[in-house]
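Undergrad: Residue numbers (our numbering), protein chains in the order written: chain H, 1 to 464; chain W, 465 to 847.
It is worth saying that the hints were derived from the structure and are not from the lab.
Honestly, I wouldn't trust all of these hints.
List of simulated lysine to aspartate or glutamate pairs, DMTMM-like, C-alpha gap at most 20 angstroms [said to hold, decoys possible]:
#, chain 1, residue 1, chain 2, residue 2
1, H, 187, W, 806
2, H, 187, W, 551
3, H, 424, W, 638
4, H, 182, W, 806
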Amino acid sequence: MTTVATKQEDVAAVAHLLRRAGFGATRDQIDQYAARGYEATVEELLNPRYGEPEDQDLMDRYFIASVEARSPGHADPQWAWRLATSEKPLEEKIALFWHGLFAVGGVKLDHGLEMLTEIDLFRRAGLGSFRTILFEISRNPGMMYWLDNQNSHKDAPNENYGRELLELFSMGIDDLGGGAYKEDDVKAAARAFTGWASKPTPPPFFLGPFPMEFRFDPSDHDGAEKSFLGKTGNFNGEDIIDIIVSERATARFIAKRLYLFFVSDEPDEGEIERLADCFQETGGDIRSILRSLFNSDHFKSAAVRFRKVKSPAELVFGAARLTDRFEIPDMDSSTLANYALFMGQHLLNPPSVEGWHEGEEWVDSGSLLERINFAASEVGRRTSPGVTRMLRRVESAGSDLQPGEFVEACLDALGAIDLSQRSKAVLIEHAAQDGPVLSGTPDGAERTIEMFQLIVSTPDYQYC
Amino acid sequence: MATNKKNGHKNPKNLVVIQLSGGNDYLNTTVPYQDGLYYDFRPNMGLKGENVVPLDEKIAFNSHMGPFKRLFDRDKMAVLMGIGYPEPNRSHFRSMDIWHTAEPFTSSSEGWLGKASSLIDPAGKNPVTTVNFGRGLPRALASQGVSVASVGALESYGLYTGLAGARNRDAMLDTVSRIYQPMADGGFPSRRILETGRGALDGADLLREAPSKYTSDIEYPADNPIAQSLKGIAQVMSANLGTRIYYAAHGSFDTHTNELVNHALLWDQVSTAVACFWDDVERQGKGQETVIWMFSEFGRRIADNGAGTDHGSGGVAFMIGDSVKSGLYGEYPKLAQSDQLDGDVRFNTDFRQVYATLLEDVLGVESEPVLKQKFSKLELVKS
Numbered sequence: 001m002t003t004v005a006t007k008q009e010d011v012a013a014v015a016h017l018l019r020r021a022g023f024g025a026t027r028d029q030i031d032q033y034a035a036r037g038y039e040a041t042v043e044e045l046l047n048p049r050y051g052e053p054e055d056q057d058l059m060d061r062y063f064i065a066s067v068e069a070r071s072p073g074h075a076d077p078q079w080a081w082r083l084a085t086s087e088k089p090l091e092e093k094i095a096l097f098w099h100g101l102f103a104v105g106g107v108k109l110d111h112g113l114e115m116l117t118e119i120d121l122f123r124r125a126g127l128g129s130f131r132t133i134l135f136e137i138s139r140n141p142g143m144m145y146w147l148d149n150q151n152s153h154k155d156a157p158n159e160n161y162g163r164e165l166l167e168l169f170s171m172g173i174d175d176l177g178g179g180a181y182k183e184d185d186v187k188a189a190a191r192a193f194t195g196w197a198s199k200p201t202p203p204p205f206f207l208g209p210f211p212m213e214f215r216f217d218p219s220d221h222d223g224a225e226k227s228f229l230g231k232t233g234n235f236n237g238e239d240i241i242d243i244i245v246s247e248r249a250t251a252r253f254i255a256k257r258l259y260l261f262f263v264s265d266e267p268d269e270g271e272i273e274r275l276a277d278c279f280q281e282t283g284g285d286i287r288s289i290l291r292s293l294f295n296s297d298h299f300k301s302a303a304v305r306f307r308k309v310k311s312p313a314e315l316v317f318g319a320a321r322l323t324d325r326f327e328i329p330d331m332d333s334s335t336l337a338n339y340a341l342f343m344g345q346h347l348l349n350p351p352s353v354e355g356w357h358e359g360e361e362w363v364d365s366g367s368l369l370e371r372i373n374f375a376a377s378e379v380g381r382r383t384s385p386g387v388t389r390m391l392r393r394v395e396s397a398g399s400d401l402q403p404g405e406f407v408e409a410c411l412d413a414l415g416a417i418d419l420s421q422r423s424k425a426v427l428i429e430h431a432a433q434d435g436p437v438l439s440g441t442p443d444g445a446e447r448t449i450e451m452f453q454l455i456v457s458t459p460d461y462q463y464c
Numbered sequence: 465m466a467t468n469k470k471n472g473h474k475n476p477k478n479l480v481v482i483q484l485s486g487g488n489d490y491l492n493t494t495v496p497y498q499d500g501l502y503y504d505f506r507p508n509m510g511l512k513g514e515n516v517v518p519l520d521e522k523i524a525f526n527s528h529m530g531p532f533k534r535l536f537d538r539d540k541m542a543v544l545m546g547i548g549y550p551e552p553n554r555s556h557f558r559s560m561d562i563w564h565t566a567e568p569f570t571s572s573s574e575g576w577l578g579k580a581s582s583l584i585d586p587a588g589k590n591p592v593t594t595v596n597f598g599r600g601l602p603r604a605l606a607s608q609g610v611s612v613a614s615v616g617a618l619e620s621y622g623l624y625t626g627l628a629g630a631r632n633r634d635a636m637l638d639t640v641s642r643i644y645q646p647m648a649d650g651g652f653p654s655r656r657i658l659e660t661g662r663g664a665l666d667g668a669d670l671l672r673e674a675p676s677k678y679t680s681d682i683e684y685p686a687d688n689p690i691a692q693s694l695k696g697i698a699q700v701m702s703a704n705l706g707t708r709i710y711y712a713a714h715g716s717f718d719t720h721t722n723e724l725v726n727h728a729l730l731w732d733q734v735s736t737a738v739a740c741f742w743d744d745v746e747r748q749g750k751g752q753e754t755v756i757w758m759f760s761e762f763g764r765r766i767a768d769n770g771a772g773t774d775h776g777s778g779g780v781a782f783m784i785g786d787s788v789k790s791g792l793y794g795e796y797p798k799l800a801q802s803d804q805l806d807g808d809v810r811f812n813t814d815f816r817q818v819y820a821t822l823l824e825d826v827l828g829v830e831s832e833p834v835l836k837q838k839f840s841k842l843e844l845v846k847s
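Please model the complete structure; the sequences and the hints are all you need to start from.
TA: Structure follows, in structure tokens:
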């Protein structure tokens with residue numbers, strides 16, 4: 001293997017990592033990460049320094065209504081800005097992961113501030129211990145409200161939280177609706193969480209929303225003995241979480257969800273078991289599990305590269321980040337969230353408590369048209385800094401490019417991506433219709449933009 | 465339409481499905497307003513007096529279903545009571561899957577209407593045989609090799625429609641069209657994605673034209689999402705594109721709390737939307753050839769929880785159309801403790817019997833390949 005080929009593979013591997021652990025990267029960013037090395041990049045991604053971003057003040061000034069946001073619609077610009085510009089891509093990606101798993105819908109919560117508080121919880125705690133995440137989300141006022149726990153009383157338990165905690169947040173059910181727990185366990189969990197609720201606090205300004213805070217009401221808590229998953233005691237919610245987290249079913253469930261989110265739409269049972277072991281060995285430390293995942297030969301193998309259908313958020317923010325045009329928070333950045341909605345992913349408002357159906361289900365004929373139209377329009381922004389740099393990359397590949405060379409240069413400029421041979425062949429035929437590309441000329445630039453637009457229109461580009 | 469003769473239905477009809485997502489509370493939709501047990505179990509959520517509109521001496525509609533009452537009185541509506549399936553599941557996810565795939569005992573990713581669509585149009589000649597309005601494709605419509613158009617807004621539906629400064633849009637469209645040629649076998653990109661692209665391209669031009677040919681003086685409420693979806697369906701219907709299955713959803717009916725307010729609002733929206741749509745259908749002269757089917761993934765517990773109701777089983781479904789034999793079907797489930805199933809009503813009509821009826825008597829296809837077994841049909845459709 002030549003040095004050049006090794007370098008190309010290194011670049012392709014880092015590009016793959018950044019598509020999965022983030023939202024892809026520009027070709028220049030990929031070079032910067034690749035220079036540091038793959039494993040060093042993994043560590044950097046896994047250890048973002050949590051804290052208020054420097055530009056938070058700028059964001060708040062431009063979108064005053066998004067500060068202490070009333071509705072999820074008001075809150076949208078805040079998360080869209082982070083997704084489009086954050087330099088800590090895994091912090092946002094893991095927030096997206098937990099947002100899909102602990103799906104709280106804005107349609108009911110209807111409280112932008114609480115939705116953002118929750119996303120920030122995932123940024124802060126999302127790479128840490130699963131027990132902590134589960135404990136915090138169980139005390140999260142938005143979640144308590146969303147799953148009606150404030151209406152779950154000692155003498156009239158509401159089963160909603162107890163059921164979804166087991167079914168959708170930790171142990172899971174199999175394809176037939178069965179699980180490692182029984183209806184009685186749901187009822188016991190519901191009783192243990194009675195008295196866990198939320199209360200509004202005074203709004204920060206006139207006509208502002210009421211921030212919510214956790215409240216435990218001992219007088220409304222059922223402290224009597226319960227049997228849960230074969231154990232008996234006067235369990236409260238925290239005890240229930242401790243029992244759940246020690247269950248193998250939970251380790252497997254979270255391992256599988258992480259696998260499907262970060263690796264491939266096709267589950268690999270061996271790898272999921274390995275990740276579940278890692279979950280149990282590390283007491284459910286998400287950072288350790290992801291380190292093991294990203295550094296595995298399985299993750300780096302060709303078998304899983306471009307084998308995960310991009311979620312709308314991945315597609316939208318991936319394509320938008322290529323343009324590198326977001327200097328200040330404006331309508332351009334805030335409307336990005338709407339495009340994800342048109343493609344079937346309403347951020348801050350998942351369709352139900354089960355989150356989104358992922359994988360190929362993202363792509364139906366309506367959403368595919370939205371995906372293509374959006375991505376083509378993004379890479380067509382020829383005056384944006386990112387697209388200008390992409391054009392220069394193609395120019396630097398040679399002034400007189402044969403169709404095959406031209407397509408390869410465009411793929412490289414778009415972030416070291418690749419296509420199936422059959423798709424590539426059709427694009428080369430397209431390029432050949434007008435002969436060699438004289439890059440650096442106005443016609444060459446137009447043809448390059450057109451090729452960018454065709455590449456992001458391919459079925460291959462729907463995968464990451 | 466080769467399959468029609470076998471089933472004796474000469475005039476296959478078009479099906480409009482409206483999914484009530486989240487688990488519609490059966491007991492507060494069709495209210496057993498003379499049953500004391502209902503009020504015993506629902507001290508907080510029981511509807512009475514001006515909050516109900518009686519259909520007969522036992523059953524009443526929720527008063528927020530006024531337009532439904534008028535359709536019922538005009539003999540256009542069958543109300544299917546006590547509908548469900550064996551061994552009910554109370555998970556939204558699993559129960560909706562069961563209604564979508566018609567498979568209570570195994571897991572499947574193939575939807576019953578996706579399969580029906582492939583029987584209606586086996587060669588996939590018409591990319592708009594089935595049209596979904598809304599975000600994402602419900603599993604009911606998913607089937608390998610079946611292209612379903614999924615539409616947000618008809619007016620802007622298409623490829624590169626708003627692409628500024630495209631160098632040569634026709635040449636680009638031609639290339640994209642060649643890239644989305646499905647391959648014979650499984651490979652990468654997947655056949656499903658390629659077929660989706662194929663269908664999207666073929667269907668887009670047809671559908672985008674539909675609104676320009678549509679005229680109507682019906683005013684669908686602008687702030688009512690299901691009304692806007694049904695308006696889109698009326699527009700596609702008026703374009704006569706050969707669409708046989710339409711799908712739309714509304715929700716969330718997951719009324720664990722604040723049910724009296726939320727459930728009323730939802731039914732105001734749904735019944736107003738359906739009434740507008742049915743007026744439109746009648747003015748298009750398509751009342752005979754159109755059947756609406758409305759369902760939810762489950763009903764809710766008999767007893768209320770103080771502020772709402774939790775997930776239950778058994779429910780109510782509706783069929784609407786000129787060709788529907790109107791009336792109340794099935795028995796209203798008994799509410800006594802001894803008749804309950806873990807706190808829920810027991811179903812008495814398997815929804816798959818209705819599916820068999822819809823498949824054969826409405827869509828004019830054989831039901832057995834879709835449902836994997838023979839279910840006895842119900843006499844719901846006028847021959």
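Undergrad: Please go over all the hints and tell whether each is borne out by the structure.
TA: We went through each hint and held it up to the structure:
no.	hint	in the structure
1	187(H) x 806(W)	13 angstroms, holds
2	187(H) x 551(W)	19 angstroms, holds
3	424(H) x 638(W)	15 angstroms, holds
4	182(H) x 806(W)	14 angstroms, holds
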